[in-house]
Amino acid sequence: MKYGVNEHGYYGDFGGAYIPEMLYPNVEELRQQYVQILNDPGFKAEFDQLLRDYVGRPSPLYPAKRYSEKYGANIFFKREDLNHTGSHKINNAIGQILLARRLGKKRIIAETGAGQHGVATATVCALMGIECVVYMGEVDMERQAPNVSRMKMLGAKVVPATSGSKTLKDATNEAMRDWINNPVDTHYIIGSVVGPYPYPEMVAQFQSIISLETKKQLLEHTGNELPQYVMACVGGGSNAMGMFYHFLDDESVQLIAVEAAGKGVESGHSAATTFLGREGVLHGSRTILMQTDDGQVVEPYSISAGLDYPGIGPQHAHLYKIKRAQYVNITDDEALQAGLLCSQLEGIIPAIETAHALAYLEKMTFKNDDNVVICISGRGDKDLSTYIKYFGY
Amino acid sequence: MNRLNKLFESKKDNLLSIYFTAGYPELNTTLDIAESLEKAGVDFLEIGFPYSDPVADGPTIQHSSEKALENGMNLNQLFEELKDLRKRISIPILLMGYVNPMVQYGIERFCKKAAEVGVDGVIVPDLPMYEYEALYSKYFTENGLSNIFLVTPQTSEDRIRKIDGLTNSFIYLLSSSSITGKNLQVSNAIEDYYKRIKSMQLKNPAVIGFGISNNETFTKACEYARGAIVGSAFVKFLETENYLEKIPEFVKAIRL
Ligand SMILES: Cc1ncc(COP(=O)(O)O)c(C=O)c1O
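One line per chain: the protein sequences are A and B, in this order. For the first sequence, the positions run 125 to 517 when my numbering is used. For the second sequence, the positions run 24 to 279 when my numbering is used.
Here chain A stands alone, though its shape is the one from the complex (with noise of 0.2 angstroms):
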């Protein structure tokens, strides 16, 4: 693959794994075993099986019939939101939690932002009968307080990040410094296309069902398995980069990646990472971060907290980096809108996360014929309360 990663770990200038010794044993662990694992046929027959018979894939791939008449082209949504838990995670919690099964491992650890990986870790651990312990922020056990209830009563236990910002980077701090305590017997499924390699790419493999099965549901739909234009939503990057991973060297293939602008990319709450970021390394890898001249990581902001991260996948910095995908921005203003749009003309109430990738329809424009396909990474159940509290209803 012409933008895949390279025998050291790295897209281009970014990846690698940047991590400290304590976690150099599990990390090269993964490093030896995963490709391995991960093409042995009794793995694949084993994650595809579960994908199908639990988590309910392949999900739809829908016409979006109003939304192709309001924008003028044909609209189609990638149904992840019709997933076991609610949203693309789920598809990467199980293939990590086979991996840790083989590994030997005894205890889970995650990280998570809107609870949605949290739920997904949370439940393939009690599917598995394996201990499960999820580091969400403060701030975000809050405002996605639905999620905490359902990974609790899924057996998980979650555990509050007090530091900095109280989100997602600081809830992937506390699970790395878990990881470093315990050396031998977890296993760390991150979340997203961030972290030390392998985990990029690793993640990237699982979540990469999304493109496949889209290719072939495209051809059906109109006998053409390329688009003109793929669009997903970005925090980490998982759902975007699942989304674009198989048409990544259909150069045809226009990718857009839209980030969390929060209250607008110059009022100093905002988690558009590319916009406001410099290389740098965070959470292991070398990547895109948000930061001071002077290498401190700042605090993001989203009303999405599945977005509300400084850093990107170092898959996605290549990629934006080369001009290989087109990096975007939402405010939650706009992104709210267009949950409620989407709501009203599709009958479907997305994420606030997925809401992103949905607003920036009305910045595009389109020929009639053009089609479209968009990750619609998860539902919004959990975002009710701020949807109601927003619009008033």
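The set of hints was computed from the structure by calculation and includes no laboratory data. The structure displayed is predicted, hence computed values, not measured ones. There may be inaccurate statements among the hints.
[Claimed, not checked] Lysine to any residue pairs mimicking SDA-like chemistry, simulated, CA-CA at most 25 angstroms apart:
#, chain 1, residue 1, chain 2, residue 2
1, A, 230, B, 177
2, B, 135, A, 416
3, A, 290, B, 185
4, B, 205, B, 279
5, B, 90, A, 422
6, B, 185, A, 134
7, A, 290, B, 82
8, B, 259, A, 461
9, A, 513, A, 448
The hints should help you fit chain B with the ligand onto chain A, whose structure is shown.
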């Protein structure tokens, strides 16, 4: 031969090193603290430059880093505070911190500046060996700086040998795989680990760090290595009023 090598050559055991975060509890005290520690008989020092997301650190050093950043500490400020380092202090000095602030400052520039003020070595827990060797080791060598690597009970023998080859001052043995600020664990497995390291007959001496907080843990660590490093316990101590005056007591309580 730098100051670190000389130290390890001239003093065989019970070496004591102290870590503290520059800019904590206040700015412009780095050399005052360092001087007091030297006078109190500490053998070498690690001066931390703060980072917003110190994943290898426990609550005490996290807090000191946060506070130091609030106070306005950064690498420019630190090098400014270290300007007269070698007029006032003669023991070896290491800088310790995370890689991103160094990357933004420029790693070559960082190494030059560190050497210029008289720093002897650097500890960067999240700078991987591959990147160090491929991209940065030349700047360290050119400037006569040692790069110190960590070793944990889980580090393989091959890797320890590689680390031993890449460094030229000492090896930083972690008492267990843990973040900073936990208590030293002594178990059979850990004793075996120390013995295993000793039996490897590495070219570099070893010093034990993480979890050394008092005389008991210091003495225990010195049974297995050339010395030990106290971090969180000293950073916590810096909360006390008139800490500069009390530094001799702190050091005395460790050494007895
Ligand atoms: C529904 C949904 N979409 C998107 C994201 C953002 O993550 P990523 O960029 O890794 O897809 C999240 C994260 O929690 C999410 O829950």
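Please flag the earlier hints that this structure goes against, numbers listed from lowest up. Of the numbered hints, 3, 8, 9 do not hold.
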